[in-house]
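Asker: For the sequence shown, my numbering begins at 62 and goes up steadily by one.
No lab work stands behind these hints, which were simulated from the structure alone.
A hint or two may mislead.
[Stated by the list, open to error] Below, a list of computed lysine-lysine pairs in the DSS-like style, where the Cα atoms sit at most 25 Å apart:
hint	residue 1	residue 2
1	K360	K63
2	K118	K360
3	K355	K63
[Unchecked claim] Here are the simulated distance ranges between beta carbons:
hint	residue 1	residue 2	range
4	L67	A326	14 to 20 Å
5	V271	T358	20 to 26 Å
6	Q218	P408	18 to 24 Å
7	S320	P139	22 to 28 Å
8	F411	A361	45 to 51 Å
Beta carbons: idealized from backbone N, C-alpha and C, even for Gly.
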Amino acid sequence: MKRLPLATLLAIFLGWLLWAVSVRQAVLFAVGLGLGAVLAGQRFGFTTGWRMLIEDKDASGVMGQLLLLALAAAMAMPLLGHFPELTAALGPPSVSLLVGAFVFGLCMQIADGCGSGTLYKAGLGIPMNAAILPLFALGSFLGSMHLGFWLDLGRAQPVGLVNRFGWQQALLITLAVLAVVAVGVRWYARRAQRPQGTQPQPLLVRRWIVGAVLLALLATLNLVIAGQPWGVVYGFGLWAAKLAQASGAADLAGNWFWSQPGNAARLQETVLLDVTSITNIGILGGALWVSAGKPVTAKALTGTQWAVALVAGLLLGYSSRLAFGCNVGAMLSGISTGSIHGWIWVPLAFAGTIFGLRIRRHFGF
62 MKRLPLATLL AIFLGWLLWA VSVRQAVLFA VGLGLGAVLA GQRFGFTTGW RMLIEDKDAS
122 GVMGQLLLLA LAAAMAMPLL GHFPELTAAL GPPSVSLLVG AFVFGLCMQI ADGCGSGTLY
182 KAGLGIPMNA AILPLFALGS FLGSMHLGFW LDLGRAQPVG LVNRFGWQQA LLITLAVLAV
242 VAVGVRWYAR RAQRPQGTQP QPLLVRRWIV GAVLLALLAT LNLVIAGQPW GVVYGFGLWA
302 AKLAQASGAA DLAGNWFWSQ PGNAARLQET VLLDVTSITN IGILGGALWV SAGKPVTAKA
362 LTGTQWAVAL VAGLLLGYSS RLAFGCNVGA MLSGISTGSI HGWIWVPLAF AGTIFGLRIR
422 RHFGF
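The whole structure should be built from the sequences, with the hints applied where relevant.
Answerer: Pasting the structure below:
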């Protein structure tokens, strides 16, 4: 589809949201369109950035992500401090988090996308990610069904830096840790490149910087409008849960996760009232607009590669629910709003990524 007719359809849907749903949901859809356009237009991939660092010793993607985290924290933490009605992306340190983050990091390299990456690449028309998307949703739903069991294995109360120290000190702590990580990443990349006799890769690349600035601004808009940080995974699980409930495939009334008051209420509402779902739909629309009229070429996969990728997609969804988010919900939103669980998520997911890359190479992706 060409951009003009697609833009017309998106504008009509936006107008319908304004008229039939709410102004807030219409604006959040517009924010989602922006998120999708930036992710797809700048090819700002969290999965790709990590892979570049490990395989190519190219730190530019991770540096872009660190810039994104710093900018998002600098905007989100003062807002959280001054407006208590806004909520942080808090998750409990738990066995669930440890297992989920590691498995997620492993599977996202095989599936070539995290939550946001799967969305925008599906919007670009990449067959593997489009096929993984419904399995991601199914996996997220299955993870939600089992989350109570995983949390019973051991958990602590969520810890929020803003609540504990105030937004000023929380921001200083966050920026200091991000600076230390940036120094470590720079040292690793320079040291790894030196024996090869090659010119060092640039640490700052325009597409990553532009993407970081725009995503930080849009994530902050999402926080202000939705009252909660940007997330992806919850929407996927909700879509599958509503299908399971409508078809009678699962009894959700007695489930620990879906019997929580907020989750139970969302099951009874249209998905268009869910803030995560509406931004997810917007991300798909924004990526579609970027790819409109531009055929996407993707590597043909063997039957074995398809099977491995689809299993990874299912586990990607399952583990994301256990880990209380993906690179967006756990890492970006968690760290930028001061949640300790975000800092626990990152090293475990990165460790999983190292193993995931080995599996990726083994199967020739």
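Asker: Each hint: holds or not?
Answerer: Going through the hints against the structure:
no., hint, in the structure
1, K360 <-> K63, "holds, 24 Å"
2, K118 <-> K360, "holds, 24 Å"
3, K355 <-> K63, "holds, 9 Å"
4, L67 <-> A326: 14 to 20 Å, "violated, 33 Å"
5, V271 <-> T358: 20 to 26 Å, "holds, 24 Å"
6, Q218 <-> P408: 18 to 24 Å, "holds, 21 Å"
7, S320 <-> P139: 22 to 28 Å, "violated, 36 Å"
8, F411 <-> A361: 45 to 51 Å, "violated, 30 Å"
When held up to the earlier numbered hints, the structure conflicts with 4, 7 and 8 and fits the remainder.
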